[in-house]
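Asks: What follows is each chain in one-letter form.
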Amino acid sequence: MHETGHAPARLLVADDNKVNRLLLTRSLELQGHTVASAPNGRVALEMLRDGAFDLLLLDMEMPEMNGFEVLEQLAADPALRDLPVLVTSSLEGLGNVVRCIELGAEDYLPKPVNAVLLKARIGASLEKKRLRDQQKELVRRFATSEVAQDLQQSGFSLAGRRVRGSVMFCDIRNFTALVESQAPEETIELLNTFYTLMFDAINGHGGVVNQMIGDGLMAIFGAPLPLADHAGAAVRAALEMVELIDLLGAERAEAGRAPIRVGIGVATGEMVAGYTGTQQRATYTCIGDTVNLAARLEAHTKVALRAILVDAETCAELGDRIATERLGPVAFRGKALPVEVFAVPCGAPATGAAGP
Amino acid sequence: MAAPAIDPAVFAELQSTAGADFVRELVDTFLEEAPPMLAELREALAGGRAEAFRRAAHSLKSNASTFGASTLAAMARDLELQGLAAATPAALAALAQQYDTVAAELKALRDA
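If you read the sequences in order, they're chains A and C.
Here my numbering is used: the first residue of the first sequence is 7, the next is one more, and so on.
Here my numbering is used: the first residue of the second sequence is 2, the next is one more, and so on.
With the rest of the complex left out, here is chain C (with noise of 0.2 Å):
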């Protein structure tokens, strides 16, 4: 795992525009959605709730990108075009695993 999982030039410039406690907090916020995001994705595929799932998946892509998680922000792109349909427990298991590697670099941006 060589390359960053944010992107430092998207997240200085978040932190630029926004305001560095801005950023903190919004860190925070974060750290707090995703996490039912992804459970949402899980329960939604083992319930076969297609428009929940494709909803979520657009959140999580919507907030990776935010940040410039930006292998998060594809991952979570291709579950919502692809849909239910031609989702399975290990693509979420990858999502989940890079939302870990997204979250810890996340705190350590926010505690730098």
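Next comes chain A alone, as it looks inside the complex (with noise of 0.2 Å):
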């Protein structure tokens, strides 16, 4: 999907631990790259502020101001807002890498670092951020100052507003043992295949990949256009995802290779949707309880040994159209009440080698 050579590029490694920046700065340097270091992220929006970086790398956990204040206060600066920021962090829970998405982080990976991922993400970034600076001086072209200021300011965004909408998150199951498991070229071609196969299926049925998690994506259906049956597009999009991971499964297996299977959370509602677009390339940022709590159920399919499953909302919209079997309710971390979880029946067995 992307290129892993790109041109070296000027990168600033905010971490605390010294081990850990060390490390990281030489896996950077080694790729070519030249890399500056911050102990905190004081510092490191002192040093953003003063030289022109391409991407910072940013650990939540520091002393003085910790990551989640540097992305709040990058979204709020339009000189820094762009930036693209890869969050690197061990930091416990999902509820953590929600919330890092939904400041504005590009991407998460989690520590210890997997260099082959580190190499991928930071290219994937990298072309973004070109795309974005491509855009900027498209605008300082063809707008006048105080249109282009406003538009800066704004961080393009053409319109903030609420939509009804679904929200899907998708990821790799036991993608560690997977990566450890084969070599680093296979691990490449198969986020590769695994992306563009997930693209397919969700761009078929008129939904967006607005954000790469590691081995897992989000995707939007039914913003920033309308679309009628967002619920129905959303899990028809699913089921089709998990007829694909069957078949490149059974190639794989054929192969010799190690089985793969993913897990999906659908969740319908509101939410907030902001729009943000260049030449090429757009991104829509989401957010609001529908966006965590699609996030919980794709990480509840590790629990309920199911490969796809859906909140009421969704659940109601689908109607007898596609089957779904109660789970009963489940108590999610931030949520005041137990949230009732539905399980959308899909051909293979796609999580446990014996579901209950």
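Just to be clear, a hint being listed does not mean it is correct.
Stated by the list, open to error - For each label pair, taking beta carbons as the anchor points, the in silico distance ranges come out as:
| id | chain 1 | residue 1 | chain 2 | residue 2 | range |
| --- | --- | --- | --- | --- | --- |
| 1 | A | 191 | C | 13 | 15 to 21 Å |
| 2 | C | 10 | A | 38 | 39 to 45 Å |
| 3 | A | 202 | C | 49 | 50 to 56 Å |
| 4 | C | 50 | A | 334 | 39 to 45 Å |
If you are wondering where the hints come from, they were derived from the structure by calculation, not from laboratory data.
Ideal Cβ positions, reconstructed from N, Cα and C, are used throughout, including at glycine.
Hints are included, so try docking the two chains, each in its own frame, into the full complex.
Replies: Following this line, the structure appears as structure tokens:
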């Protein structure tokens, strides 16, 4: 999907832990980049404001100013809001991943950082930065300075609004084990195949992939363009994704490779959607309970041993067009009340060797 | 103690990706940084500072897993997740003992 070879860039590593900082700096230098480092968020922000950096690798747990505060400050600074940020952290809990993404982080890499994934994600982020810079240049050339400034201050936000839609989270199960079981080239090839298949299924049903998270992704159905049956479209896309992964798994089994499975969570409801556009790519950011719930449902597929889980609103919109199975209420972290969870039965037992 | 405290495959991988000379420096850095983290855990426990305790456990977990010290990482992770309230001086003593084993093995690997 993305070129893994790319031009050297100027990177900043922010991490309070010396071992982590040295190791990450070393890995990036070996990839040909120029690397500076900062021991906390406050110093990192100062360095970013002083010098031109192409990308920030940000730890979350830091004294003086933590990563969440850095993300907030970057978002509020017109000169820095387009800087791509890769979060590298060993924070526990998917909620933290969701929070980073809501705050505008490009991607999230768990520690210890896998060198192959690191390289691929940096390549993808730098490419996005290049496109954004190009867009800025276009705005400068074609718009009056007032309009350009306004657009830059709003981060090219064309409309931040409340919409009803469906959100999907999907990731590869046991990805770490998979990475360890095969050569790095195979992992990149697998990720490329995975993303190609998933993008295809999602786009085919009118959805938009707006984030890639390590070995997974987030997609939106119903924003920015309204989609009449967003819940149905999301679930049909999910079924197709599971089917495609089963096919890929069968191919891999024939070649004697480890199996691959995915978990998918879909939630429907109101959310706040903002549109950030560039010439060649568009990014939509969605915020709200619906997004959190979809992430939690995806994580819960590991517990429920089902490939696709949906919430009650999605289920209600499906009616009897697609069969669902009520699994009962589940208490999720951050939710005051237990949430009704439904499974969408699909072809193969996609999670666990012997499900209950 | 039949099983090594350092997973040799993880350590070898680290050496091959970052370079053996660099890993020697990194081991030295860890051996300097880890004892203050252990001291911070003890002091935070004594002083009832939950956030400092969780952060020190988090850092130790992160560094231990970098070198393939999986038992030490798991012990630190338990402390991070369970927090100050569930921690005991005995648990910290066990952690310090595991660290000593890890440090000895790292020195041997560094000088190999």
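Asks: Would you say the C-beta atoms of residue 202(A) and residue 49(C) sit inside 50 to 56 Å of each other?
Replies: holds (53 Å)
Asks: Please check whether residue 191(A) and residue 13(C) have a Cβ separation lying inside 15 to 21 Å.
Replies: holds (19 Å)
Asks: If I claimed the Cβ atoms of residue 50(C) and residue 334(A) lie 39 to 45 Å apart, would that claim hold in this structure?
Replies: For residue 50(C) and residue 334(A) the Cβ distance comes to about 41 Å; the hint holds.
Asks: Is the hinted range of 39 to 45 Å satisfied by the C-beta distance from residue 10(C) to residue 38(A)?
Replies: Violated, at about 27 Å.
In the structure shown, a violation is registered for the earlier hint numbered 2 alone.
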